[in-house]
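Assemble the complex: chain G is given as a structure, and chain F must be docked to it using the hints.
If you want the building blocks of each chain, they are given just below.
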Amino acid sequence: MADKKIFGVTALFNNPDAIISAARKVADSGFTKWDVNSPYPLHGIDKAMKMKPSTLGFVTLVFGLTGVAVALFFMWWTMSVDYPMVIGGKPYFSLPAFIPVTFEVTVIMATVSSVVAMFAFFFGLPRNAHALHDTEYLKKVSRDHFGIIIESDDPKFDERSTQELLKSLNPISTEIIYYPEKERYPIFEPRFLVFLFGVAVVVSIGTYLMLNKLMYIQPFNWMDEQQKIIPQSKSEFFSDERGMRLPVEGTVARGFIPYPFAGDKEPKEVLSNPYFPTKENLELGQRKFLTYCSPCHGNYADGDSRLQGQFPNPPTLHSDRARNFPDGMIYHIITNGQNIMPSYASQVTREERWAIVHYIRVLQRAKNASESDVKFAKSE
Amino acid sequence: MQSIELTYQKKDLPSSISKIGWILLFIGLILGVAAFFVDHSRAVYNYLIAYAFMISIGVGALFLIALEYVVGADWSVPFRRIVEFFAATIPLLAILVVPLLFNIGDLFHWSHAEAVAEDKVLQGKAPYLNVPFFIIRVFVLVAIWSLFYFFFARNSKKQDSTKEQKLTTKNIRLSAIFIPIFALTITISSVDWLMSVAPHWFSTIFGVYFFAGTVVAALAAVTLATVLLKENGYLHPALTNDHLYSLGALLFAFVNFWGYIAFSQFMLIWYADLPEETSWFLQKWQGSWAIFSIGLIVVQFLVPYVILLTQPSKMDPKKLKFISIWLLFAHLYDIFWLVMPATDQLSDGYYFSWIDFVFPIAVVGLIILVFNLKAKKENLMPIGDPKFQKGLDFHL
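Residue numbers (my numbering), protein chains in the order written: chain G, 214 to 593; chain F, 683 to 1078.
Simulated from the structure, these hints should not be mistaken for laboratory data. Owing to the predicted nature of the structure, the values given are computational and were not obtained by experimental measurement. Heads up, a few of these hints could be off.
Now the stretches of chain F that chain G is said to cover, found in silico as 3 or more residues with beta-carbon under 8 Å [what the hints assert, rightly or not]: (1) 692-698; (2) 1070-1078.
Derived lysine-lysine pairs resembling DSS-like cross-links, with alpha carbons at most 30 Å apart [unchecked claim]: (3) F:Lys966 / G:Lys303; (4) G:Lys353 / G:Lys380; (5) F:Lys1072 / G:Lys353; (6) G:Lys260 / F:Lys1001; (7) F:Lys1072 / G:Lys238; (8) F:Lys692 / F:Lys1056; (9) F:Lys1056 / G:Lys263; (10) G:Lys260 / F:Lys839; (11) G:Lys265 / F:Lys1000; (12) G:Lys263 / F:Lys1001; (13) G:Lys263 / F:Lys1000; (14) G:Lys265 / G:Lys395; (15) F:Lys1059 / G:Lys260; (16) G:Lys369 / G:Lys265; (17) G:Lys265 / F:Lys1059; (18) F:Lys1059 / F:Lys1003; (19) G:Lys492 / G:Lys591; (20) F:Lys1003 / G:Lys260; (21) F:Lys1059 / F:Lys966; (22) G:Lys263 / F:Lys966; (23) F:Lys1001 / G:Lys265; (24) F:Lys1001 / F:Lys1058; (25) F:Lys1000 / G:Lys260; (26) G:Lys218 / G:Lys380; (27) F:Lys839 / F:Lys693; (28) F:Lys1003 / G:Lys265.
Estimated spans, in silico, between C-beta atoms of each pair [unchecked claim]: (29) F:Leu950 / G:Leu424: 51 to 57 Å; (30) G:Lys352 / F:Gln1071: 29 to 35 Å; (31) G:Ile553 / F:His794: 58 to 64 Å; (32) G:Ile553 / F:Leu950: 52 to 58 Å; (33) F:Trp1036 / G:Asn512: 56 to 62 Å; (34) G:Pro368 / F:Glu846: 55 to 61 Å; (35) G:Val294 / F:Phe1011: 39 to 45 Å; (36) G:Asn228 / F:Arg836: 51 to 57 Å; (37) G:Lys265 / F:Leu829: 49 to 55 Å; (38) F:Arg836 / G:Val328: 43 to 49 Å; (39) F:His794 / G:Asn512: 40 to 46 Å; (40) G:Gly302 / F:Leu829: 49 to 55 Å.
In this text, a Cβ means the ideal position worked out from N, Cα and C, and glycines have one as well.
Same shape as in the complex, but just chain G (with noise of 0.2 Å):
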């Protein structure tokens, strides 16, 4: 046993107040590398034992700054600098909206390091051959004992007057504890690496051979042959080997009615209009106008965009020119597209497109109405 290096003495007590006191004394005789151990905080003991406050609560607040650093830059860089986009009609760098993810990243950044921070600086975790494992002594500290243990590199340390002052504490018991003899680990030896080696290998290969092979073999090929052709891939029964057959060249859908002057940029000849103004139609014209046309061309077609020069303005449809189109002509632009107005042909059907050029004609002739219009009109 003499061989054997002290790690230090503990003293085992059996109640708080008793502890308390014991640690007074420790403390009073200019110990500094000792600790109590008890299986449950003991209110006053950082005075008793002399502790210095603990400085986690630094950590705590440098990090929670930090947390609030990062999330306002971040956002101001995001939401203002890089890509700024408006949101809910607030300006680039809104603080009320960035408060509370800054509140939340402040919060998790404090917390996380301060669990981080605790665990592994203050405490020195992972203690894995602590010398005080699997000793007598931490098992009693940790169900119903109270034990003071001080260090062997404490620099007052002496094996015999250390152990009687804390005999002359009345504890129940006192001990010495060692350290551990160092143990070799068997799994540093060649023989065992080797073997774990090969059962990588069996298993590596045992592992490819089921999943690649055996799966495979017949009855069971999980329908990857099938005698049909795969959408989007090659096929070698047709000669121009697309496996997705085009319509016959003229091929016409269903309900779908072309477009002679598709692509004219000036017809000559334009379409006259197969529909009449009835009030239904008048009405699907200027629903559909309102909502295709008049973000450009304003509410009443007056060229006074409702985007607010985001998109350059066209000229008002109340033109002697515009007036004077003929109805396909309009239908043809709306078509076709014009200038940098692009084709509506996709987004609003033939039917619709007609509507609208009716309820052109309504705004146009609201606007230039003439003497007898206004008396019609006032008739009604």
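Frame of chain G, contents of chain F only:
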């Protein structure tokens, strides 16, 4: 641990306390009456603010009593009698309300029948906001609070001599009943007295907002009284600064809670940006009220937050004294900020008047007098409470 057995011995408070109370009340009353003649409308609103402050202290203290019982706290038991003394101001609310009820027409726009007749919004609110129902609510609420105060205090006082465990059990049951009733009554009370000053505006979080301020004010009053009494040796000699820690911590918690709720109210209204809601905040940004509004954040949140942040400051008697006086002022400031910008007289901005300082003086004097009266009759600590010793043994 202690070699000498320490016990609580009742000492009478010095007579100077009642003198201070009477002088403050007297000054406040004379100036208050004068104020009613100088500027009637402003005096009425200031009376309302002082009245709301009284509700805060009294009902907030009642809530703290119930909270202690319902969560089974030990640490606060030695201070409970002080909380009860503050709650003793509740029955006075029934008398103090009378001048307000006589001036209800000056206070509330919705109380005018001709204003309601041409206002769709007020017509919709009329089933709730009408004078008879309002008066009934006011007295029912004060009656409920007084009743609970009466039972709490009676059981607690009886325990001083009988030391019965059963009385604590009774009060715990009573508290469990009281807490939901408290939530309802404080909401109704805040809506009636403070929110209806601007009758078109509404905020569902308003009750919680007032509750947060209420608890801060009541806690500040309790902390101030506790520190002063302890320093002058009127409490149990075993009390240390450790015992103050939890008061400071709870104060800190509720300062944060107030900030959280106040910001929630602001952010939701700011984000939704609905004209009928934002008008209230825009009013508080009008002219010099903008400075007041920013000042509220500083006074009610930032300063107490920084002062109470560290652990040692939560049990430093000097800092606690300072911050509790500060927070009492802050709550008064808060109510002032809630009420005044909504009045016609000050809608464009604040201008100074001595009337604003008159009624709080009378309120402080009144609370001191009630406290002193109770302290004469009763022990300053609940010595018969079964958890009293446990509360004294508290260590950090």
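- Message: For a quick check of understanding: which of the numbered hints are violated here, in increasing order?
- Response: 1, 9, 10, 14, 15, 17, 21, 22, 32 and 36
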